[in-house]
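Enquirer: Protein chains in written order, with the numbering used here: chain A, 1 to 258; chain Y, 259 to 516.
In short, the hints are calculated from the structure, not lab data. Hints are supplied without guarantee of correctness; some may be wrong.
[As the list claims (entries may be wrong)] Straight-line Cα separation of at most 30 Å, DSS-like style, residue types lysine-lysine; simulated pairs: (1) A:Lys212 / Y:Lys437; (2) Y:Lys470 / A:Lys70; (3) A:Lys70 / A:Lys145; (4) A:Lys3 / A:Lys145; (5) Y:Lys328 / A:Lys212; (6) Y:Lys403 / Y:Lys437; (7) A:Lys179 / A:Lys228; (8) A:Lys67 / A:Lys3; (9) Y:Lys437 / Y:Lys325; (10) A:Lys3 / A:Lys70; (11) A:Lys70 / A:Lys179; (12) Y:Lys470 / A:Lys67.
2 protein chains.
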Amino acid sequence: MTKRPLILVTNDDSIIAPGIRTLVSIANEFGDVYVVAPDGPQSGKGHAITLDQSLRCTEVASDGPQKEFKVSGTPADCVKLAINVVLPRRPDLILSGINHGSNASVNVIYSGTMSAAVEGALERIHSIGFSLDEFPWTASMEAAKPFIRTIISNVLANGLPSGVCLNVNVPANDQLPYKGIRVCRQAIGNWVEEFDSRIDPYGRPYYWLTGKYELYDQGADTDIAALKDGYISVVPVSVDLTAHESIATLNQWNFETE
Amino acid sequence: MTKRPLILVTNDDSIIAPGIRTLVSIANEFGDVYVVAPDGPQSGKGHAITLDQSLRCTEVASDGPQKEFKVSGTPADCVKLAINVVLPRRPDLILSGINHGSNASVNVIYSGTMSAAVEGALERIHSIGFSLDEFPWTASMEAAKPFIRTIISNVLANGLPSGVCLNVNVPANDQLPYKGIRVCRQAIGNWVEEFDSRIDPYGRPYYWLTGKYELYDQGADTDIAALKDGYISVVPVSVDLTAHESIATLNQWNFETE
């Protein structure tokens, strides 16, 4: 007799976002679910943790079999609190998302959604971040569901390498029907910032961060290419940031001091 | 005739921290310096950027030849604002730190100091994050200076691979005399969280994030081992988070949907 897995669900768009509601409904098919998610938007918070203030964690009403808790912190805080304070035991799986907006390419570094999955990988718990390449909270996630189910099934059946989590991105609905799933690498690209500079009523300048994504990578094996081709992209993401291939180069430098 | 390099200096401990003052004094030896740094502490902010509010950027008095600006955002915000709004041209070098506290091993993921260096690498600008393995702002950084100088000299002379920045950690002063510089990989380890749970005067629980670092890696080639042996650790850090070696594994999975 197999025990049902214990699944933690979190996100960065806050506990009320449609994306996490969809993910909770899928997670309930696979195991016993705890939702521990931010009480407000945490987009773009990267791997931030809260050190300069304390955290609140409050149980809230649930619309299903899952237990639900809102947290006054970041997605990484939510994972830490869930594991150490809220859950009855260490979870078997951490699911983050479904994010409203793509976390392909360089977005993985800024993403609160992916920070929760990375935090899971640091804890050596199998973790997946899901994102839909559409910002509006009204965007349908119906077509994504069967692909999300098969990815979760695979992770539960096969596990993930230690220190690796998955960054899953789903194309926008204008790409339907989706062509399938493609395992990819992170595309090389960057946000070209264009600050919107304004003057406040007292004559002082202030700045809104805006920007435009630029792709520097024509590879057919990237997440951006997969999304463009109508495939769900799956990138294995490492918590080891070492550029191993650069170690030999640096070892040739002359580090003598005067 | 060689033009003096344009150097951006930032950090996460705020513009008034002794660590950034030391780094500015070293940077002035190498080029024309702009300081664009947070107006308050930003430790543990990971690669957070500010999307939900606007940013202030204010020129402040300088105690040397450098120009100085304080910013109401994260280290990543500082780099973006510096490049796009403050500096007269793209910098030749970005220096972040000197952080008060180690950013070795898994700390690289949480570190605001390193997020500034990573943001530089995303911009294809040579970038280095420096940290001292001591928290007190009173800790001496004198012995670190010659090593910081030779690392900066090497980066200016040799450049860095595209998309790679350096995570430099200096042992605590109780390790003096330092034995030299060692190029390393990021040690595998994690913070074992021990939340400090308290009850507020109104009977409601709240939580302080605390924790203890655990090393899961006995390799002699890690940054943690280097620091323990009295060496300055230099880890090349990648902005490509793909776990490339896991792609073949995932390609063997069965992703059929029902």
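Enquirer: Each hint needs a verdict: does it hold in this structure or not?
Expert: Results of checking the hints against the structure:
1. Taking the CA atoms of A:Lys212 and Y:Lys437, the gap is near 46 Å; set against the 30 Å cutoff, the hint is violated.
2. The suggested pairing of Y:Lys470 with A:Lys70 holds, with an alpha-carbon distance near 25 Å, which does not exceed 30 Å.
3. With a C-alpha separation of about 25 Å, the suggested pair A:Lys70 and A:Lys145 falls inside the 30 Å cut-off, and the hint holds.
4. Annotation: proposed proximity of A:Lys3 to A:Lys145 holds, straight-line Cα distance about 24 Å (limit 30 Å).
5. Our distance criterion of 30 Å between C-alpha atoms is met by Y:Lys328 and A:Lys212, whose separation comes to about 25 Å.
6. Between Y:Lys403 and Y:Lys437, the direct Cα distance comes to roughly 14 Å. Compliance with the 30 Å bound is thereby established for this hinted pair.
7. The suggested pairing of A:Lys179 with A:Lys228 holds, with an alpha-carbon distance near 11 Å, which does not exceed 30 Å.
8. Between A:Lys67 and A:Lys3 the CA atoms are separated by roughly 18 Å; this keeps the pair inside 30 Å, and the hint holds.
9. A C-alpha spacing of about 35 Å is found between Y:Lys437 and Y:Lys325, which places the hinted pair above 30 Å, so the restraint is violated.
10. Between the alpha carbons of A:Lys3 and A:Lys70 the distance comes to roughly 27 Å, so the proposed pair stays at or under 30 Å and holds.
11. Between the alpha carbons of A:Lys70 and A:Lys179 the distance comes to roughly 36 Å, so the proposed pair goes past 30 Å and is violated.
12. Between Y:Lys470 and A:Lys67 the alpha-carbon distance is near 29 Å, which keeps this suggested pair within the 30 Å criterion.
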